[in-house]
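Chemist: The lines below spell out each chain.
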Amino acid sequence: KNEVEQSPQNLTAQEGEFITINCSYSVGISALHWLQQHPGGGIVSLFMLSSGKKKHGRLIATINIQEKHSSLHITASHPRDSAVYICAVCVANDMRFGAGTRLTVKP
Amino acid sequence: NAGVTQTPKFQVLKTGQSMTLQCAQDMNHEYMSWYRQDPGMGLRLIHYSVGAGITDQGEVPNGYNVSRSTTEDFPLRLLSAAPSQTSVYFCASSQGAKNIQYFGAGTRLSVL
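Keeping their order, the protein sequence lines are chains A and B.
First residue of the first sequence: 1, per my numbering; consecutive thereafter.
First residue of the second sequence: 1001, per my numbering; consecutive thereafter.
Calculated directly from the structure, the hints in this document are not laboratory data.
Predicted model only: the values in this text are computed from it and were never measured.
Be a bit skeptical, because a hint or two may be false.
[As the list claims (entries may be wrong)] Some chain A residues near chain B, calculated using beta-carbon distances under 8 Å: (1) T12; (2) V27; (3) S30; (4) A31; (5) G41; (6) G42; (7) C90; (8) N93; (9) D94; (10) M95; (11) G100.
[Said to hold, decoys possible] Residues from chain B that keep clear of chain A, each with C-beta distances beyond 10 Å, as calculated: (12) A1024; (13) G1063; (14) A1082; (15) S1084.
[To be verified] Here are the simulated SDA-like cross-link-like pairs (lysine to any residue), alpha carbons at most 25 Å apart as the crow flies: (16) A:K53 <-> B:N1099; (17) B:K1098 <-> A:Q66; (18) B:K1098 <-> A:E67; (19) A:K68 <-> B:N1099; (20) B:K1098 <-> A:G42; (21) B:K1098 <-> A:E5; (22) A:K54 <-> B:G1096.
C-beta atoms are modelled at their ideal positions from N, C-alpha and C, and glycine is treated no differently.
With these hints in hand, go ahead and build the complete structure from the sequences.
Modeler: This is how it looks when you write it as structure tokens:
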């Protein structure tokens, strides 16, 4: 079993929909990252969380340390949000990654 | 600032050849890391460094060497390439593993 599990694997939404991507992990962590990988392959860091909630524009990330769970929400989704979203956890200086969630937002 | 620069962007090798993937950052970051990304498996950590002169192994270090002689550079060496090393390789840097990671554009490597 992977240490970092993401769901769903694939997600298709209509423009404007509210989207949630989930990440569960089974190890003790010092931080959790959400990354976005564009169709062209580039990877951008969206959030780093160690507790609570962060918001940036239409993106919201939450983490529950006790339940070992994090969610990434996208409000008012847009076709430009189409990408692969990756959850990664930091274990000391080591990084472990989920397999990613492929999001497609249709106009 | 250029951020994290990886070279080359594409490379084709024959089995047994050696090569070095270059990674440089201009943000004075202490933490640098190399990942490989394979279809269906996600990103996996190969090696990382927490500062000049200090390196350590990640999840999949076999077949790869690294060194960190300066803060800016963190090259990844394939001593004898194997088809199993066909992958997309990403370098990243940050103030620390807990901090926001900055990724290079990636190197697509094929080993025939």
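Chemist: Work down the list of hints and note, for each, if the structure agrees.
Modeler: Consistency of the hints with the structure:
1. For T12 of chain A, the shortest C-beta to C-beta distance to chain B is roughly 19 Å, which exceeds 8 Å, and the interface hint is violated.
2. Interface hint status for V27 of chain A: violated, as the beta-carbon distance to the closest one in chain B is roughly 13 Å, over 8 Å.
3. The beta carbon of S30 of chain A is positioned within 8 Å of a beta carbon in chain B (closest approach about 5 Å), and the interface hint is therefore held.
4. Of the supplied interface hints, the one on A31 of chain A holds, with its beta-carbon coming within about 4 Å of a beta-carbon of chain B, less than 8 Å.
5. Interface hint status for G41 of chain A: upheld, as the beta-carbon distance to the closest one in chain B is roughly 5 Å, under 8 Å.
6. Taking 8 Å as the C-beta contact cut-off toward chain B, the hint placing G42 of chain A at the interface holds, the least distance being around 6 Å.
7. Interface restraint check: C90 of chain A against chain B, minimum CB-CB distance 5 Å, threshold 8 Å, status holds.
8. Taking 8 Å as the C-beta contact cut-off toward chain B, the hint placing N93 of chain A at the interface holds, the least distance being around 5 Å.
9. Taking 8 Å as the C-beta contact cut-off toward chain B, the hint placing D94 of chain A at the interface holds, the least distance being around 6 Å.
10. Annotation: interface hint on M95 of chain A holds; nearest CB of chain B at approximately 5 Å, less than 8 Å.
11. Interface hint at G100 of chain A: satisfied, since its Cβ lies 6 Å from the closest Cβ of chain B, which is below the 8 Å cut-off.
12. Annotated as non-interface, A1024 of chain B keeps its C-beta farther than 10 Å from every C-beta of chain A; the closest such distance is 17 Å.
13. The Cβ of G1063 of chain B sits about 19 Å from the closest Cβ of chain A, beyond the 10 Å cut-off, so the non-interface label holds.
14. Once the 10 Å rule is applied to beta carbons, A1082 of chain B is consistent with being away from chain A; the minimum gap is 23 Å.
15. A cut-off of 10 Å between C-beta atoms confirms that S1084 of chain B is not in contact with chain A; the least separation is 19 Å.
16. Proposed proximity of K53 of chain A and N1099 of chain B is supported: the alpha carbons are some 16 Å apart, at most 25 Å.
17. A hinted pair counts as satisfied when its Cα atoms are at most 25 Å apart, and K1098 of chain B with Q66 of chain A qualifies at roughly 19 Å.
18. A hinted pair counts as satisfied when its Cα atoms are at most 25 Å apart, and K1098 of chain B with E67 of chain A qualifies at roughly 20 Å.
19. Simply put, K68 of chain A and N1099 of chain B have alpha-carbon atoms about 19 Å apart, close enough for the 25 Å limit, and the pair holds.
20. With a C-alpha separation of about 20 Å, the suggested pair K1098 of chain B and G42 of chain A falls inside the 25 Å cut-off, and the hint holds.
21. With a C-alpha separation of about 19 Å, the suggested pairing of K1098 of chain B with E5 of chain A holds against the 25 Å cut-off.
22. Proposed proximity of K54 of chain A and G1096 of chain B is supported: the alpha carbons are some 19 Å apart, at most 25 Å.
Hint check: violations occur at hints 1, 2; the rest are consistent with the structure.
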